[in-house]
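Protein chains: 2
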Amino acid sequence: MGKEFLNVMDFDDLKKIIGSLNMQRKIETVNLVDAHNRVLAENIYAAIDLPPFDRASMDGYAVRAQDTYDASEDDPVILILIEKIRAGDIPSQKVEMGTCSEIGTGAPMPDGADAVVMVECTDIKGDKVKILEAVTPGTNWSSRGSDIKKGKFLMPKGTFLTVDKIGALSAMGLIEIQVLAKPTIAIISTGNELIKPEEKLQHGKLYDINSVSLTNAVKACGCLPITSTIVKDDYNSIKNKIDECKHADIIITSGGTSAGAGDVLRRVVEDMGKVLVHGVSLKPGKPTLIGRLPQDDSAIILFGLPGYPVSALMIFHGFLAPFLKGLAGIKKFMGEKETVTCKLSRKYHSTLGKSHFVLVKIKENIAYPISNDSGAITALAEADGYFEVPKLVEIIEKGDEIKVIFLSRL
Amino acid sequence: MGKEFLNVMDFDDLKKIIGSLNMQRKIETVNLVDAHNRVLAENIYAAIDLPPFDRASMDGYAVRAQDTYDASEDDPVILILIEKIRAGDIPSQKVEMGTCSEIGTGAPMPDGADAVVMVECTDIKGDKVKILEAVTPGTNWSSRGSDIKKGKFLMPKGTFLTVDKIGALSAMGLIEIQVLAKPTIAIISTGNELIKPEEKLQHGKLYDINSVSLTNAVKACGCLPITSTIVKDDYNSIKNKIDECKHADIIITSGGTSAGAGDVLRRVVEDMGKVLVHGVSLKPGKPTLIGRLPQDDSAIILFGLPGYPVSALMIFHGFLAPFLKGLAGIKKFMGEKETVTCKLSRKYHSTLGKSHFVLVKIKENIAYPISNDSGAITALAEADGYFEVPKLVEIIEKGDEIKVIFLSRL
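Top to bottom, those sequences are chains D and X. Its first residue numbered 1, the first sequence is counted upward by one per residue in the numbering used here. Its first residue numbered 1, the second sequence is counted upward by one per residue in the numbering used here.
The hints are simulated quantities; they were obtained by calculation from the structure and are not laboratory data. Quick caveat, the model's predicted, so the values are computed rather than measured. Hints may contain errors.
[Claimed, not checked] Computed far set for chain X versus chain D, every beta-carbon distance over 10 Å:
#: 1; residue: Gly19
#: 2; residue: Asn22
#: 3; residue: Asp70
#: 4; residue: Gly88
#: 5; residue: Glu193
#: 6; residue: Leu194
#: 7; residue: Asn240
#: 8; residue: Leu352
#: 9; residue: Thr378
#: 10; residue: Ala381
#: 11; residue: Ile395
#: 12; residue: Glu397
[To be verified] In the DSSO-like style, the derived pairs of lysine-lysine whose C-alpha atoms are separated by at most 30 Å in a straight line are:
#: 13; chain 1: X; residue 1: Lys403; chain 2: D; residue 2: Lys286
#: 14; chain 1: D; residue 1: Lys149; chain 2: X; residue 2: Lys196
#: 15; chain 1: X; residue 1: Lys363; chain 2: D; residue 2: Lys16
#: 16; chain 1: X; residue 1: Lys361; chain 2: D; residue 2: Lys149
#: 17; chain 1: X; residue 1: Lys363; chain 2: D; residue 2: Lys363
#: 18; chain 1: D; residue 1: Lys363; chain 2: X; residue 2: Lys403
#: 19; chain 1: X; residue 1: Lys361; chain 2: D; residue 2: Lys152
#: 20; chain 1: D; residue 1: Lys149; chain 2: X; residue 2: Lys232
#: 21; chain 1: X; residue 1: Lys283; chain 2: X; residue 2: Lys361
#: 22; chain 1: D; residue 1: Lys403; chain 2: D; residue 2: Lys363
#: 23; chain 1: X; residue 1: Lys219; chain 2: X; residue 2: Lys232
#: 24; chain 1: D; residue 1: Lys274; chain 2: D; residue 2: Lys246
#: 25; chain 1: D; residue 1: Lys361; chain 2: X; residue 2: Lys150
#: 26; chain 1: X; residue 1: Lys286; chain 2: D; residue 2: Lys130
#: 27; chain 1: D; residue 1: Lys363; chain 2: X; residue 2: Lys16
#: 28; chain 1: D; residue 1: Lys157; chain 2: D; residue 2: Lys16
#: 29; chain 1: D; residue 1: Lys15; chain 2: D; residue 2: Lys274
#: 30; chain 1: D; residue 1: Lys403; chain 2: X; residue 2: Lys361
#: 31; chain 1: D; residue 1: Lys128; chain 2: X; residue 2: Lys232
#: 32; chain 1: D; residue 1: Lys157; chain 2: D; residue 2: Lys219
#: 33; chain 1: X; residue 1: Lys343; chain 2: X; residue 2: Lys391
#: 34; chain 1: D; residue 1: Lys361; chain 2: X; residue 2: Lys157
#: 35; chain 1: D; residue 1: Lys219; chain 2: D; residue 2: Lys15
#: 36; chain 1: X; residue 1: Lys219; chain 2: D; residue 2: Lys26
#: 37; chain 1: D; residue 1: Lys205; chain 2: X; residue 2: Lys152
#: 38; chain 1: X; residue 1: Lys363; chain 2: D; residue 2: Lys15
All C-beta atoms, glycine included, are put in the ideal place defined by N, C-alpha and C.
Isolated chain D, as found in the complex:
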């Protein structure tokens, strides 16, 4: 029966180790309509001029500006209408002195015209158009390539694809683009007591929570859960399952990490690769393990989370989510540090020398700490977020301001 963690690590040291983990990123092709919140993996240059032709930007009349110079509301100029050009049409007439063409927003400018008079500043009767306002050349139309010229740099590799960025790409007529592939994640729940929801609950058994919640959590971090499974808490079952999952970029296990009778994960990882972290000075979440497993040329990372669902999710929130988002390329865009400042509802006692993550429910800007029992599932049903108590803080007074990190921010 093992009694010890390999090295109980400080909160900040853990962050450093996680920060230093790196992995090669793969690239994949996606359709633009599915590209939201993905990360561009190629530099994009304009494939065409934008606009692709001289284009009216208002409804009105395409004219030679010089024909309008004397026009005013009191003394309009009259031009002869020679053509009606709507968006999508190709003009067939040249605008000569004394003539004009009706033009719709987005329609191509006819030859000869160098300005558009807005429809509001005109009056039409038959084929005679009264121009009530003088315009200068270039008014109310955009020249071909004035927005961007074909071949010019449009968008850098690494761009986080919001709706707006996707809009700009689709203007080029692109259908597919190269984006960072979603890191693939295998999720393994260890525990002889765990059963799937399809099974009937027997004495001593528990429905597995972590495989369901981690599957959702991984998706929320821009990663792709490729398998989710339960294994018995013994050396061979765990080792075999990890072997099966080595095609994933990352393996996340839960359970099997504590220093008691069931501490087999550490031995498995020691035998298969290297244990980087085992034990963190944090409540909840002490029995956290991080390992590196050699695989072909590179290595895959294994995160061993505590078995208790609350502990597993707190560690996921605090450490794994930022890492996975970073790996997925969405770290700096998704604002994972979004917090709300609340007043604490009651005095809170922490353990000196140990960081605490404390779940809270928020009501009218007051944060109510929820039971510390990491086995309690109802805490998850109630909580809005959590706050961190640094390791050198022992007491937070009632009414003190704390920063609550939203659980929905995952």
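We have chain D; now place chain X onto it with these hints.
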């Protein structure tokens, strides 16, 4: 050639009208592993006791507490080991006076035992366990139903399903749950000049941007785009396409809303139902239209966005996104008002009596306004967010603080 908007509406009045639109919500069943960011549509009561049995919360030895009362490090009590119980096992031995069972975290408590001594406070040799610490009844285990009892209320209808809430539900052995159905959206781009990315660019034509960007935007708001199509900008084409799309909850069109030659959408909506809004005192976005189309017992809402992609997306951001998120039930959870305070890089002139949305690029907390030309696509490639200039503000000085709304917040 129409020249007028029906009623040019104030920014705030538009918000009020959108706020008063309501629609019946449908319910659908999803698997828990796909329930992230959905909204629970049923009250959930505990289907089982949690924990479902008396359960050890530490690795150690299950004892009768009274046997340990005299134990100390200097003067340990020795108990005889009668059984090893791991998580998932069913205990077969009763703990009698002077005996104990080894127990793993999560394992069921054996009969007779009323406390667990942590493994760290014991020493074992053969079948003799030295207890180095006194424990009281109830130590280090949780009784059946102590977290929640079967039949008790667990989670209310309307809960936004974060990873943590899904964890709590999966503890009940649930597989599927009832959630609000995603509102279904039909997206129609109108314009004779618009072509699909599969087509070759001809003179006078443009690749359609809005169908791609709005498809992504709608998904980001928790809605389901069910069709996305381009139609010619004439009465019959638009009317027929709207008729085809009336199985959707909402129709979003772009283009065809301006007051010029191509203004057919207003007539179509007038003939099919009722125009609620046509024209907004906002730049960009003046030619915005909202209509209600009767359909069976209820009505569907049609939003007519401007054709210019920048204008369309700004209106989507400012008005449609909050409405769609509200309809999807995620309004109050996703923080659509998330902003960053920046200093303006230069003096900005607005038009008195008209609200402005101004796209900006942010560098080191300074916001640089991007070209006002709503036809510019590169603005989309560059922008990080936008700020609002209220209608009664004409000038914002260089260095003034402004609140920038992130485009990624969609």
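Verification of the hints:
With 10 Å as the threshold on Cβ separation, the claim that glycine 19/X sits away from chain D holds: the shortest Cβ distance comes to roughly 23 Å. With a closest Cβ-Cβ approach of about 25 Å to chain D, asparagine 22/X is found to remain outside the 10 Å limit, as its non-interface label requires. The beta carbon of aspartate 70/X sits about 24 Å from the closest Cβ of chain D, which is more than 10 Å, so the claim that it is off the interface holds. For glycine 88/X, the non-interface assignment is contradicted: its Cβ lies about 3 Å from the closest Cβ of chain D, within the 10 Å cut-off.
Distance check for glutamate 193/X against chain D: the nearest CB is about 4 Å away, which does not clear 10 Å, and the non-interface claim fails. With a closest Cβ-Cβ approach of about 8 Å to chain D, leucine 194/X is found to fall inside the 10 Å limit, against its non-interface label. Annotated as non-interface, asparagine 240/X keeps its C-beta farther than 10 Å from every C-beta of chain D; the closest such distance is 18 Å. Every Cβ of chain D is farther than 10 Å from the Cβ of leucine 352/X; the closest lies at roughly 19 Å, confirming the non-interface assignment.
Threonine 378/X, annotated as away from the interface, has a beta carbon of chain D within 10 Å; the closest lies near 5 Å. At the 10 Å boundary, the C-beta of alanine 381/X falls inside the reach of chain D, the nearest C-beta of that chain being 4 Å off. The claim that isoleucine 395/X lies off the interface holds: its Cβ sits roughly 25 Å from the closest Cβ of chain D, which is beyond the 10 Å cut-off. The Cβ of glutamate 397/X sits about 27 Å from the closest Cβ of chain D, beyond the 10 Å cut-off, so the non-interface label holds.
With a CA separation close to 41 Å, the supplied pair lysine 403/X and lysine 286/D exceeds the 30 Å bound. A distance of roughly 21 Å separates the Cα atoms of lysine 149/D and lysine 196/X; the hinted pair therefore holds under the 30 Å criterion. For the suggested pair lysine 363/X and lysine 16/D, the alpha carbons sit about 27 Å apart, so the restraint of at most 30 Å is met. As the CA atoms of lysine 361/X and lysine 149/D are separated by approximately 21 Å, the hinted pair is consistent with the 30 Å bound.
At most 30 Å may separate the alpha-carbon atoms for a hinted pair to count; lysine 363/X and lysine 363/D exceed this at roughly 36 Å. The suggested pairing of lysine 363/D with lysine 403/X holds, with an alpha-carbon distance near 26 Å, which does not exceed 30 Å. Taking the CA atoms of lysine 361/X and lysine 152/D, the gap is near 19 Å; set against the 30 Å cutoff, the hint holds. For a cut-off of 30 Å, the pair hint linking lysine 149/D to lysine 232/X stands: about 28 Å separates their Cα positions.
Taking the CA atoms of lysine 283/X and lysine 361/X, the gap is near 18 Å; set against the 30 Å cutoff, the hint holds. Of the pairs offered as hints, the one joining lysine 403/D and lysine 363/D holds, with about 14 Å between alpha carbons and a cut-off of 30 Å not exceeded. For a cut-off of 30 Å, the pair hint linking lysine 219/X to lysine 232/X stands: about 25 Å separates their Cα positions. Taking the CA atoms of lysine 274/D and lysine 246/D, the gap is near 15 Å; set against the 30 Å cutoff, the hint holds.
As the CA atoms of lysine 361/D and lysine 150/X are separated by approximately 23 Å, the hinted pair is consistent with the 30 Å bound. For the proposed pair lysine 286/X and lysine 130/D, the alpha carbon gap of about 26 Å is at most 30 Å, so the pair holds. A C-alpha spacing of about 27 Å is found between lysine 363/D and lysine 16/X, which places the hinted pair at or below 30 Å, so the restraint holds. For the given pair, lysine 157/D sits about 27 Å from lysine 16/D by alpha-carbon distance, which is consistent with the 30 Å threshold.
The straight-line distance between the Cα atoms of lysine 15/D and lysine 274/D is roughly 18 Å, inside the 30 Å bound, and the hint therefore holds. A hinted pair counts as satisfied when its Cα atoms are at most 30 Å apart, and lysine 403/D with lysine 361/X qualifies at roughly 29 Å. At most 30 Å may separate the alpha-carbon atoms for a hinted pair to count; lysine 128/D and lysine 232/X meet this at roughly 28 Å. At roughly 23 Å between alpha-carbon atoms, lysine 157/D and lysine 219/D fall within 30 Å of each other, so this suggested pair holds.
Restraint check for lysine 343/X and lysine 391/X: the C-alpha separation of about 20 Å stays at or below 30 Å, so the hint holds. Distance hint between lysine 361/D and lysine 157/X is fulfilled; the C-alpha atoms sit about 17 Å from each other, no more than 30 Å. Annotation: proposed proximity of lysine 219/D to lysine 15/D holds, straight-line Cα distance about 22 Å (limit 30 Å). At most 30 Å may separate the alpha-carbon atoms for a hinted pair to count; lysine 219/X and lysine 26/D meet this at roughly 25 Å.
Proximity of lysine 205/D to lysine 152/X is assessed by CA-CA distance (about 21 Å); at most 30 Å being required, the pair is judged to hold. For the suggested pair lysine 363/X and lysine 15/D, the alpha carbons sit about 27 Å apart, so the restraint of at most 30 Å is met.
Of the numbered hints stated above, those contradicted by the structure are hints 4, 5, 6, 9, 10, 13 and 17, listed in ascending order.
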